[in-house]
Structure formats: structure tokens, C-alpha cells
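**Student:** Here the structure of chain A is known, so what remains is to put chains B, C and D in place on it, guided by the hints.
There are 4 protein chains.
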Amino acid sequence: MKNTTFGVNRIEAFSDGVLAIVITILILEIKSPELHVQTSSVAAWHALVALAPKFASFALSFLFVAVFWVNHHRFFLLVRRSDWGLLWSNNLLLFLLCTIPFPTAFMGDHPSNPVAVALFALVLLLAGLAFNSLWRQARRRRLIDESVREEIVNAAIRRGLVGPAAYLCASLLAPIVLPISWVIFLVVPVFYAWPTKAPDHNNIKGD
Amino acid sequence: MKNTTFGVNRIEAFSDGVLAIVITILILEIKSPELHVQTSSVAAWHALVALAPKFASFALSFLFVAVFWVNHHRFFLLVRRSDWGLLWSNNLLLFLLCTIPFPTAFMGDHPSNPVAVALFALVLLLAGLAFNSLWRQARRRRLIDESVREEIVNAAIRRGLVGPAAYLCASLLAPIVLPISWVIFLVVPVFYAWPTKAPDHNNIKGD
Amino acid sequence: MKNTTFGVNRIEAFSDGVLAIVITILILEIKSPELHVQTSSVAAWHALVALAPKFASFALSFLFVAVFWVNHHRFFLLVRRSDWGLLWSNNLLLFLLCTIPFPTAFMGDHPSNPVAVALFALVLLLAGLAFNSLWRQARRRRLIDESVREEIVNAAIRRGLVGPAAYLCASLLAPIVLPISWVIFLVVPVFYAWPTKAPDHNNIKGD
Amino acid sequence: MKNTTFGVNRIEAFSDGVLAIVITILILEIKSPELHVQTSSVAAWHALVALAPKFASFALSFLFVAVFWVNHHRFFLLVRRSDWGLLWSNNLLLFLLCTIPFPTAFMGDHPSNPVAVALFALVLLLAGLAFNSLWRQARRRRLIDESVREEIVNAAIRRGLVGPAAYLCASLLAPIVLPISWVIFLVVPVFYAWPTKAPDHNNIKGD
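Chains as they are written, first to last, in the numbering used here: chain A, -2 to 204; chain B, -2 to 204; chain C, -2 to 204; chain D, -2 to 204.
Check each hint, because a few of them may be wrong.
Which copy is meant is left open, because identical chains are indistinguishable; a pair holds if it fits in one copy or across any two.
Here are the simulated SDA-like pairs of lysine to any residue, each with C-alpha atoms no more than 25 Å apart in a straight line [what the hints assert, rightly or not]:
1) Lys28 <-> Pro172
2) Lys28 <-> Leu89
3) Lys28 <-> Leu123
4) Lys28 <-> Trp179
Keep in mind that the hints were calculated from the coordinates and are not lab data.
Just chain A, with the same shape it has in the complex (with noise of 0.2 Å):
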């Protein structure tokens, strides 16, 4: 063994910690509105309903970082082993992440703001460059598990490139047709939902 290589379970255990901070604090960015009339039902629906934006916001950003937990957590399924290159690229990724609510909160500010939609997209394509950035690394360095096919890496590289490019597309029809751009960052995450259909391998970690 050339490098120095080392267990998966702490780097594991810290990305889980991270998304689930991430994907917990971006409600924090909605904040309870004052109302005029504090028992008025009225009043009460008007404040809701002009938060919408900043809601559906809050809501594909939960729903982009749950897809890439879920990858994440298959990823470390079939990868049983970490050297340092791939630590520094995974907290590459976790920095990404990370800043997302930042974009999330300025998005659901200013929905239709073209600068504000491209900077949303230009974060999720980021951070979907350094996610297959992370498969192309264990495939090459030979960290994923040997049980598993060559082509099931192969194939999990291929689709993940399919999210930045959508992303590219978001960010640059963002000052073009906006609501496309909204499109698109639900439309992919749906794609990525279901990592796998048939099993990766047969002795997966955690049985």
C-alpha cells in the first residue's frame, strides 16, 4: 500500500454532522412575521403567503442537500477506505454545502432576481463538480470496495454530471427565462433521488 489510507467511519460521521446542521439551520432564515393585528386571521394569511418564495426556497434547498446525502451515504457504502486527497476533496464539498444557506436565503428574498437564481445554481454546480470529482478520485486511488463492478462506478460518474450541467443550463437561462431555472432545481434532484436500482454489491457495509 503506497498511500497512507485509513477507516471512512469519522469522515462519515463528520459529513453526516455537517448536512444534517446544514439541512436543519435553513429554516432559520425565515423568520416569524410581526403582524399589525395579532389575533387577525387576516393579517396572520397575508404574512404566510408573502413568505411563499422564501419557503419554496427553504424547500428545494432541503430537498438538494437530502439527494446528496443520500449519494454521500451510498458513496461510503462502496467506498471502504480514505486517504488524505480524498478527505480534502469530501470537506471541499462540505464547504459548498455549507454556503448554501447563504444563496437559499437571498433566493427566497429576491425570487425573481436573475443574479440571485445563477448564484443558487452556480453553488449546486460546484458542488456537483466536486461530489464526481470524488468518485473519480476513489475510482483512481482504488479506495472503493473490489466487490463492486467497474461499470457501476463508471456509471455513477456518467450520471453525475448530468446534475452540473443542468445547473450550467439554470445559471446561464437565469437572465433569459427565470422560471425555467426554478424548474430545473427541482426537476434534478428528482433524478438523483433513487441512487441505484439493483444492489451495488453483495456484502455491503452495515448488514
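**Tutor:** Relative to the frame of chain A, chains B, C and D by itself:
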């Protein structure tokens, strides 16, 4: 085995993380009040008394999330494997629980506003239904440990409908007799606090 | 075995999560001060000095929660199984610890206000009593590892009453000689920092 | 065995939790800017550009905490047992790391204020010393796995003094040539990013 299944350790860890964060950041919605006379005990008392509805809303949400955690804990004592469908149902449940800081703050700010109280009830109702769906899926797709008798699962599923029914009442009663909704928010968690009187099976995980 | 009991791993994980979050979000109550002259060192120093009471309140709370974590850690080194009652006593303890950011911020904002200081003492007092109750239940319901000698448990329970007694004094003395309360807040955690001098038993978990 | 020692799993879990939270809540200090013209791309760009120092400060802190996590991770790959002293030294380190959101926000708000920059350097300096003290205690009290050669530990301890020395320079240079401090904040973490080139020992935990 037809479906892709995998161990539940990381789902438990992620869920624990999310629930621990939700339950802990609830307090961030209660801001330290400013006092005009810095050292006046009377001013400080009045400021604290004015925060009483926010504390009550915080305490109810804490209780609700804690009860969810206890029942979620017990659920994964019985479920030994997950598939992607169960994982996403769990994510839906986490999504609903993650939104709780918002209705908590909204109801804390406007404790006698019917819409604020009905919104709180609605989120609890949806979370209860999502959890019930988790049980049903686990039963249907045979993800529950085989040593658990079927009537235990059926009883848990039946019991799981009491909460949503009560929260539906709380939601509908909010515009008519609002205090009853607050009583329901307190009583339902107490009903669910003790998931089981007898051991569910003999070889529980973690032994 | 009369009661339903189960392993404590997930209770430990959940408690660790909650305590880690509480201890980390305390800093969020200290806001970055605005400076009128952006680059003036003097203005920056004055702004920092004005935050000294908030830092002191933050540091005391951090110390308190850290000491709780250490003693909680040791408690679950000795307790190997839990029942629903112990789990709920632990949730009560977590509830009290989760509220700490509020009295911390309140006392940090109003360090010489007797009510703010008494409230801080009251929360610590209640948390100490809740932890003591955890020990008593574990002893009464025989959840402690059998290899632990009874006098170790009895000593821990007796020792656990020193804190609540001191915090009761701090609470009562706040309106009379307030600085003594601050001294108590510092001294009690130091008293509890070292849970044990000798090993509690021979086959500690985690070996 | 003279001292009380115990496994390090829960210390690792608690530290992971705290570091994951610190690294994730840093973004909460960057608030979504308000725009006077909601849909103006120009206004949005200007608002984002104005936030550049806050982003830079956020990114530096993220990098710093990530590097700490990596080195902390490696430390506990070598340390197999803890005593109360090591646990409290770890708590001191966590305390310093928990304060980071404050100097990060302060330096992000006032990037050219010498006091803000020196304060940031001071916190990193103290955290570096606290981590170095952790290594020294582990060596002195023989808590490091016996299969680890002594020169590896000694090299780690020597290497651990580079950071504090550099941060001392950054702190002292802040009032004179402030940009050098920012360069130091970037260079030091890069220096520590790769803890080891060769495996530390043969039977690393987690295998």
C-alpha cells in the same frame, strides 16, 4: 431479495443529528429582551413574563420533537434494514420536523392568532402522517425484524393515527375555541411518550 | 426482566448531539459590533471591552455544559441499559440544558440585574437536580453495570447535591450580594470537572 | 494502570459534533442583503461584492476548522485511551474553536481594522497551542498507541509549533502591514492540510 436494502446505522445517525439540532435551535427564537433600566428587577420580571407565550410554544415543540425522537428510536430498534423508499419517507418526516422552528416562533409571537395555531397543528399533523407512513412501508416491504410479532406492528400503526386525528381537531378548532388546541398540543405527546409497555422482541439491537 | 430495557448507544448519541449543539450555538448570542470608524483600533477595543460581560457569561455557560457533558459521559460509562423512564429523565435534563442559551444571553446583556442572575442560577439548579434524579433512577431500577460497587454510585449521588445547593444560594444571594453568585457559577463546575479519581470498575465500555 | 482511563469514541463523537457545528454555523453570520430594486441584477451584484470580505473571512475560518478537524482526526487515530486531563485539554481546544464565529464575523465586518485582524490571529494562536498541549499530554501520559514510533509523535509536536508562531507574527504585524496577516491565515492551514505522508503505524483504528 428483490430490492436494494442496506443497514440503518447511518439513517439513524443522520436522523439523530437532525432531531438533535431541531430540538436545540428552537431556543434561538427566544431573544434576550432589552431592558430600559438595566438593573431593575421589576423591569426584568416584566420582560420575562412577556416572553411566557414564547416559552410555552418552545416547550410544546421540544416535547413534540422529543416524543418523535423516542418513537423514531423505537421504530429503528425494530427495523433492521432500509431501502431507498423508506429512506425518502424518513427524509420527508425530517423535512416536516425541520420546519418546526418556524411555526413554533410564529405561534409564540401570536399565541391567540387562529392561523398561527392552526399552522402549528398542521405541521404536527403532517409529521404524524409521515411517521405513520414509515411504519406502513416497513411492514409492507418486510423491513421489520422477523422476531417482532405482527400484532405489535399493527398496534403501533393504529396508535399512530390518534395523533394526526387529534391535530386535525386542533387545527379545525383553532378559530372557534383556541385554548383547546393548546391542550391538544400538550396531551398528545404525553400519550405517545411511552412507546411500549412490554419488550417488543427478545433480541433488541444494541444489546 | 420486568421492564422494557434497551441499549444506551442512541441515547448517548442524541445527548452528545444536543450538548455539542448547545455548547456551540452559545457564541451566536455575541453579535459582531458595528464600528463608527471602520479602521480605528481604539473604537474596536472599546467595542470588545463593552462585550466583556457577554464573553464572561458565554464562558461560564460553556464551562457548565462541558462539565455536564463530562459527567454525563461518565454516567453512561456505568449505565449499560436504559428503560423509557430513564430516557425521559434524560430528555428532561436535555430540555433544561437546551434552554441555557437564553439565560446566558440575558445575563450577558444585564450582568448586574438580580433577576437575570437568579434566572441563570435557577436553570443550573434545575439541571443539577434532573441529573441527580437520573442517577437515582438508574440505581433504583438497577440499570447500572453490576461490576460497579454500590458506594461509588452513592458517592456520585451525594456529590451531585452540592451543585444544586450552591446554585440555590446563588439564586437567593443575587438580589443581595450579586458578585458572589458569579463566583459560585465559576467554582461549582471546577468542583465537578474531575468525576472520579480512581477507575469506577474494571471492564469499562469502549475498551 | 495508575490513572482512570477510558475509550475515546465518545470524545471523538463530541468533538466531531462541535467541529461540524462550528464549521456549519459560520455561514449564519453572512446575512442575505436587502436590495432596493428587487429584480435589478446590478444592485444584486453590488450587494454581493460588498459581502466579499465576509466571504473571505468565512472561507478562511472554514479552512482553519477543517484543517483542525483533519489533524484532530489523525491525533485520535493514534490515541487509543483518554484520561480526564486529556478530555479537559480537548474541551479547552473545543472552547477556543467554538468562539471562532465571533472573530470571523468581526474581521469580516472590519477587514482592515488591526484589532479585528489581531483578535482573529489570537484565537487561532491559542487554538494551536491548545492542540499542541494535547499532543504533549498524550505523549507524557503514554496514551498513544504503543505501535506508533516515538519520532512520529515528536515530529507532530514540533510541526505543531509552526502555526502558533506564524499566528503570533500575524497578530503583531496586523497594526503594521495588515495584508501579511491575511496571507498567513491562508498559508498556515495549507501547511497543515496533509498531516502525514507515510502511514503512522500498521494497525490503524477503523480498519
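**Student:** 25 Å Cα cut-off: does Lys28 pair with Pro172 within a copy, between copies, both or neither?
**Tutor:** between (28 Å within a copy, 23 Å between copies)
**Student:** For the identical chains here, do Lys28 and Trp179 meet the 25 Å Cα criterion within one copy, between copies, both, or neither?
**Tutor:** Answer is both; intra-copy 23 Å and inter-copy 22 Å each pass.
**Student:** What label fits Lys28 with Leu89 when the C-alpha limit is 25 Å: within, between, both, or neither?
**Tutor:** Between. Shortest inter-copy distance 22 Å satisfies the 25 Å Cα cut-off; intra-copy 30 Å does not.
**Student:** How would you label the pair Lys28, Leu123 (within, between, both, or neither) given a Cα cut-off of 25 Å?
**Tutor:** Classified as between; 21 Å across copies, 28 Å inside a copy.
Checked against the numbered hints given earlier, the structure satisfies every one of them.
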